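Undergrad: Protein sequence lines, in the order shown, are assigned to chains A and B.
Under my numbering, think of the first position of the first sequence as 1, with each following residue one higher.
Under my numbering, think of the first position of the second sequence as 1, with each following residue one higher.
What the hints contain is simulated information worked out from the structure, not anything from laboratory work.
Note that the structure is a prediction, hence the values are computed from the model and not measured.
Check the hints yourself; a few may be wrong.
[Claimed, not checked] Pairs of lysine-lysine residues, derived as DSS-like cross-links and limited to a Cα-Cα distance of at most 27 Å, are as follows:
| hint | chain 1 | residue 1 | chain 2 | residue 2 |
| --- | --- | --- | --- | --- |
| 1 | A | K18 | B | K605 |
| 2 | B | K273 | B | K182 |
| 3 | A | K113 | A | K2 |
| 4 | A | K40 | A | K65 |
| 5 | B | K154 | B | K187 |
| 6 | B | K590 | A | K18 |
| 7 | B | K221 | A | K54 |
| 8 | B | K196 | B | K221 |
| 9 | A | K113 | A | K45 |
| 10 | B | K308 | B | K199 |
| 11 | A | K108 | B | K605 |
| 12 | B | K168 | B | K308 |
| 13 | A | K108 | B | K590 |
| 14 | A | K2 | A | K32 |
| 15 | B | K696 | B | K622 |
[Unchecked claim] Quick list of simulated restraints, FRET-style, between CB atoms:
| hint | chain 1 | residue 1 | chain 2 | residue 2 | range |
| --- | --- | --- | --- | --- | --- |
| 16 | A | P56 | B | A643 | 48 to 54 Å |
| 17 | B | P584 | A | E19 | 17 to 23 Å |
| 18 | B | T728 | A | G25 | 47 to 53 Å |
| 19 | B | N625 | A | M1 | 46 to 52 Å |
| 20 | B | A620 | A | P56 | 30 to 36 Å |
| 21 | A | S12 | B | T728 | 33 to 39 Å |
| 22 | B | I764 | A | L27 | 55 to 61 Å |
By construction, the Cβ of each residue, glycine as well, lies at the ideal position given by its N, Cα and C atoms.
If you want the building blocks of each chain, they are given just below.
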Amino acid sequence: MKKILVVDDEESIRFLYKEELEEEGYLVECAKNGQEALEKLTVFKPDLVSLDIKMPVMDGIEALKRIREKERHLPVILCSAYGEYKQDLTTWASDAYVVKCADLTNFKSIIRKLLDLS
Amino acid sequence: MAIPMNSYDLLKSIVQLSMTSFPISIKLDRMVQSISEAFPSARCLLLKPEEITRDGFLFRLASEKEPLWVEDGSSFQKENVLPEEESFLYPSFACIPLNDETTSQGILYLGFPKPHPFSPEEVELLLLIGEVMAGVIQNEHLYQKAEETISELKALHEMGKAVASTLKLENLFPLIVTTGLKILKAKGGVLRIEDKRTKELKLKWSVGNYHQHPLDEKIAKRVFYTQTPLFFNHFGEEKPSFSILCAPFLSQGQILGTLAFYDKDSDASKFDKKDFQLFLMMVNQLSLAMENALTHYEISNMAQENEKRVAQLSTLWELNKALLTTVHFERILHLTLTAITIGEGLKFNRAMLFLVNEKDRLLQGAIAVGPDSAEEAGKIWDTLSREKGPLSDRIAQFTSPNHSHLNEIVKGIRIPLEKEQCILSRTVLEGKPFNIQSHQSKEGGAQIGCDRGCRLGSEVGCYVGEHLSRDPKVYSFATVPLMGKGKVIGVILVDNLYNQNPITEEDIHFLSMFSNQAGLAIENAMLYRNLEQVHDELKETQNLLIQREKMVALGELSNSIAHEIKNPLVSIGGFARRLYRTIPDDTMEKQYTQTIMTEVARVEKILTDIFNYTHDESMAFKPCNLRNILEESLSLTQEKIAAGKVELVKDFSEEIPQINGDSHQLRQVFSNLIHNAYQAMKGEGKLSLRLHSIAKNGTSYVEVEIADTGGGIDPENLHNIFNPFYTTKDKSLGLGLPIVHKIITSHRGQIEVDNHPGKGVNFIITLPASEQGRESRCQMAEDHP
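Please work from the sequences and hints to get the whole structure.
TA: Below you can see the structure in the form of structure tokens.
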């Protein structure tokens, strides 16, 4: 079973993503900021990280940098409310950039692609 | 010897004869007859002075004034007797000289066939008779002299009266010559006056063809330059003889001219000293009249000149008044040239105006006024001549459309200012007018010192050959600089192609005066136009700034709201979807959930729109094909169109240049516009899409038109359609058209709305073709670093 770490400061989002992804058959763990995500990374050892960008304590961009220092090949999806960070070069270090949307079809298909399940 | 007749009777008859009114010759003849009757044997005669030969004894007697009494001829000393005087040597004779105080009047001669002793009574009687006869002759001379003087005075008086009767030179000249001719009884006369300007002696009037005589002019010049009168009789044998009187007109030491008379109208044809004297008196008297007339002539010339100046100035004033009626640049130009061509203005047939372009160092054709043909010229002049009212009003009202061929030609003319052989650029560079007469060139145009192929020569100076019927074919035109404040701002070119009136220096002077005024008016209009432009630009910039400020504020606000709302919205929408999947079909709950999902999706779209509008989304400019983009944009709505009653008309040109742009954004533009059009038609109507390339000012563009029949836009709302959050639709945020506008302007394109209220609306989008697209991208990068 593939493991996914969902990182978001919004509890409702974490809840939604967990429910949806578990229904898809993934093992899901959540973290509420970058700091917590880094801590859980070593324990949980996820196959993919969904990383919100705007977060307190440590934002997604910083977290992405740190993840890349440890896990060069771990698939990371960056999520944001709008496409506002598309131009930020550091986001290029992620494997995908997804604009948050109530319809998670696109999000889920990207995950499938990255985990090579499609 | 006794006196055969009573000496008293003889004396009485002589005295009585002297008192009669007979002509002198009859008087003297009768006296001689009375004497010969009193001395019947004697030969009695009166020798006139001209009958007495010089150096003879009779001449000596007359000059010595001593009577001679020869009683016996044999004792007479025959010294000094000339052969012709031999006949007077009678056996006895008496010679009584007839004298006045100074001159001899002749000799009374009595000859006797036999020696005759003269008694003292006889001597006394004959001496008395001699005195009476001398008195008669003297009286006659005095009388004649008095008569002559009277007639001369009368003639001079007549002449004085005549010349005083007129001050007009054209009347005075013939009067002087004809009256002089009458007084002097001459056959011909020539009057010459000095031309004040050229200092040449010019023939003013002549009678007879003496002015053609080879000597006439020479004599006149000599008299003129020496200021000395001349009296000359030429009676040579080889050349034809002639007699001349010539004198200068002198007035207050100044010489005015000469007057000459030729050949006396008598057998001898010769003038004498008396004629000469009379002539001099006449000339003296005439000089004054002549001076008066010449002064009068000059004064009236000056008055005429002044009158003309006043007329010119009042015309100028009228023309200036017309120029003051507007500050509109194009109108001022048109007014200026109308003033130059109107009949009561400067009267030229055609006028062209060129303006200096300082930036490019060019002279650019601006406008031309003038008919394209002689027939048209006639029509215009006829119409204008029938109009009434002040000149300024008529010029100001004169707004004939200026679509003339000439105007088209002139507007296309560009001449580098450095070109010194071009008369137009010379007018600017040298700042002075030119009056040119050019001959027709071999190519048919006018040769006006330009290169071959100069449009001025070949087209403006133009089909000149057709209009110039006479030979040599000369095209006359003039140029004057158009003066602004201290510099030349252009050139006016004028000609009289149709009526071929010559262009005088005075015309050019007048034109220069007017063009100075017009130059200032044109310069002011230019300044005003620039001011207006700058004002408009400022206004636009101000609006833009206000708009930007609004956008910044809106951006900041909406950004924070959008972020706060987005996450809960995603949750709501996401869980709604989860619910939807778990609820059985055909239940009310399923419908409720469906509504939540749709509305959440709508709010999400609104938020994305706001976000996109307030964020300068960076564009990826790549060469793109508008045909493809348009087809893709259409595909989003095409299904709906196909389902409804909307007719789709596509008119795409074959060859469309690529443009540089962001295809994603452009797709957004066109799908937005197509969607709007579809919505406006409410499922019924005609949607037309046109795509073609156009060229403006030498640059190529691609033009897209999206037209619908959806009733158009209410004119009241038209100016708001590109303002954000302005909408007339219930379910719209009002960001569609503002986004379209934003994308098009960031592509350096233009969007134009051709609105037909009640019918439909046509959006016309113009985008620069690829080459220019790249340039504008560079410029944009500078604008928004």
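Undergrad: Each hint needs a verdict: does it hold in this structure or not?
TA: Okay, the hints, checked on the actual structure:
no. : hint                         : result
1   : K18(A) / K605(B)             : holds (25 Å)
2   : K273(B) / K182(B)            : holds (17 Å)
3   : K113(A) / K2(A)              : holds (13 Å)
4   : K40(A) / K65(A)              : holds (16 Å)
5   : K154(B) / K187(B)            : holds (21 Å)
6   : K590(B) / K18(A)             : holds (23 Å)
7   : K221(B) / K54(A)             : violated (117 Å)
8   : K196(B) / K221(B)            : holds (15 Å)
9   : K113(A) / K45(A)             : holds (19 Å)
10  : K308(B) / K199(B)            : holds (26 Å)
11  : K108(A) / K605(B)            : holds (20 Å)
12  : K168(B) / K308(B)            : holds (20 Å)
13  : K108(A) / K590(B)            : holds (23 Å)
14  : K2(A) / K32(A)               : holds (21 Å)
15  : K696(B) / K622(B)            : holds (23 Å)
16  : P56(A) / A643(B): 48 to 54 Å : holds (50 Å)
17  : P584(B) / E19(A): 17 to 23 Å : holds (20 Å)
18  : T728(B) / G25(A): 47 to 53 Å : holds (50 Å)
19  : N625(B) / M1(A): 46 to 52 Å  : holds (48 Å)
20  : A620(B) / P56(A): 30 to 36 Å : holds (33 Å)
21  : S12(A) / T728(B): 33 to 39 Å : holds (37 Å)
22  : I764(B) / L27(A): 55 to 61 Å : holds (58 Å)
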